[in-house]
Amino acid sequence: MRLTARGPRRHVAVVMHDVADSRWAGCARVLAQAQRVARECDVVLPLTLLVVPRMHGQPASAEFLHWLRRQAQAGHELALHGYTHLDDGPAAAGPLEHWRRHWYTAGEGEFAALGREQAAERLQLGLQWAEREGLPMAGFVAPAWLLGDGGWDAVRAGPFAYTCTLGRVVALPGGEALAAPSFVFSTRAAWRVHASVAWNRLLGLTQRQRPLQRFELHPADCDAGAVSRCWSDLLRSALRSRHPVTLGQAAAIARRLGTRPATAAG
423 MRLTARGPRR
433 HVAVVMHDVA
443 DSRWAGCARV
453 LAQAQRVARE
463 CDVVLPLTLL
473 VVPRMHGQPA
483 SAEFLHWLRR
493 QAQAGHELAL
503 HGYTHLDDGP
513 AAAGPLEHWR
523 RHWYTAGEGE
533 FAALGREQAA
543 ERLQLGLQWA
553 EREGLPMAGF
563 VAPAWLLGDG
573 GWDAVRAGPF
583 AYTCTLGRVV
593 ALPGGEALAA
603 PSFVFSTRAA
613 WRVHASVAWN
623 RLLGLTQRQR
633 PLQRFELHPA
643 DCDAGAVSRC
653 WSDLLRSALR
663 SRHPVTLGQA
673 AAIARRLGTR
683 PATAAG
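The sequence shown begins at 423 in my numbering and counts up by one.
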């Protein structure tokens, strides 16, 4: 791999969200496309896979668990991504919170409204599941990055090496935060596809000099051709001038370059 950028080394992290049995096929398509782009750039690309133990309450199959273990053995990083990925917390306090929890994230922001004890219980269940299945997980990323104050307290008190918001990677336990723009797409409606493609192409132009870029991909991100082409083009450009890292490695960069303390905002 030859990097063409001059000056301080810059990095890129590729993250696969919602890695669960029920969304396995979509995850596999996106992973395969990301690896095709990496091969075009002659780059070894380790991804961070955000794993949901019981997506919407459903257990994982033995075949899916075997696949996850093979991904870890192949050099990809696994991180906990909630427990059920389903928002069953208290009712929203107002219109803005209702919009965030039920429209922005389609009712999947599991940790958006949980108190500290509830959040700690979900985290413990997820970690116990991961240990039982032989799946190493050092990080935690909340579904849709929605993490209330109680959830933040629970995550900070846990054994995690990092977490993330939409705009930052946060190293734990110290809380050093590194601003890192996220390329995120929405495919739930045609207008969302067009809007997210336009937004992410603009982001690619305006955030070129950031130390870290993040591609936050979802299982449907190969279903719409415009979305697949957009993130593939942006990733190809990033891999030609940036060094790929996992979120765990990005957290080490945050410890070195970031500011503290991080809060639930951002």
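By construction, these hints were calculated from the structure, which means they are not laboratory data.
Ideal Cβ placement from N, Cα and C applies to all residues, glycine included.
Among these hints, one or two may not hold up.
[Unchecked claim] The following label-pair restraints were derived from C-beta to C-beta distances:
| # | residue 1 | residue 2 | range |
| --- | --- | --- | --- |
| 1 | Gly596 | Glu485 | 15 to 23 Å |
| 2 | Arg451 | Gln495 | 27 to 35 Å |
| 3 | Arg662 | Ala620 | 33 to 41 Å |
| 4 | Asp655 | Ala579 | 26 to 34 Å |
| 5 | Asp464 | Trp613 | 34 to 42 Å |
| 6 | Val466 | Arg682 | 27 to 35 Å |
Each hint, compared with the structure:
1. Gly596 - Glu485: 15 to 23 Å: With Cβ atoms ~39 Å apart, the hint is violated.
2. Arg451 - Gln495: 27 to 35 Å: violated, 21 Å
3. Arg662 - Ala620: 33 to 41 Å: For Arg662 and Ala620 the Cβ distance comes to about 23 Å; the hint is violated.
4. Asp655 - Ala579: 26 to 34 Å: violated, 41 Å
5. Asp464 - Trp613: 34 to 42 Å: holds, 37 Å
6. Val466 - Arg682: 27 to 35 Å: Holds - the Cβ-Cβ distance for Val466 and Arg682, about 31 Å, lies within 27 to 35 Å.
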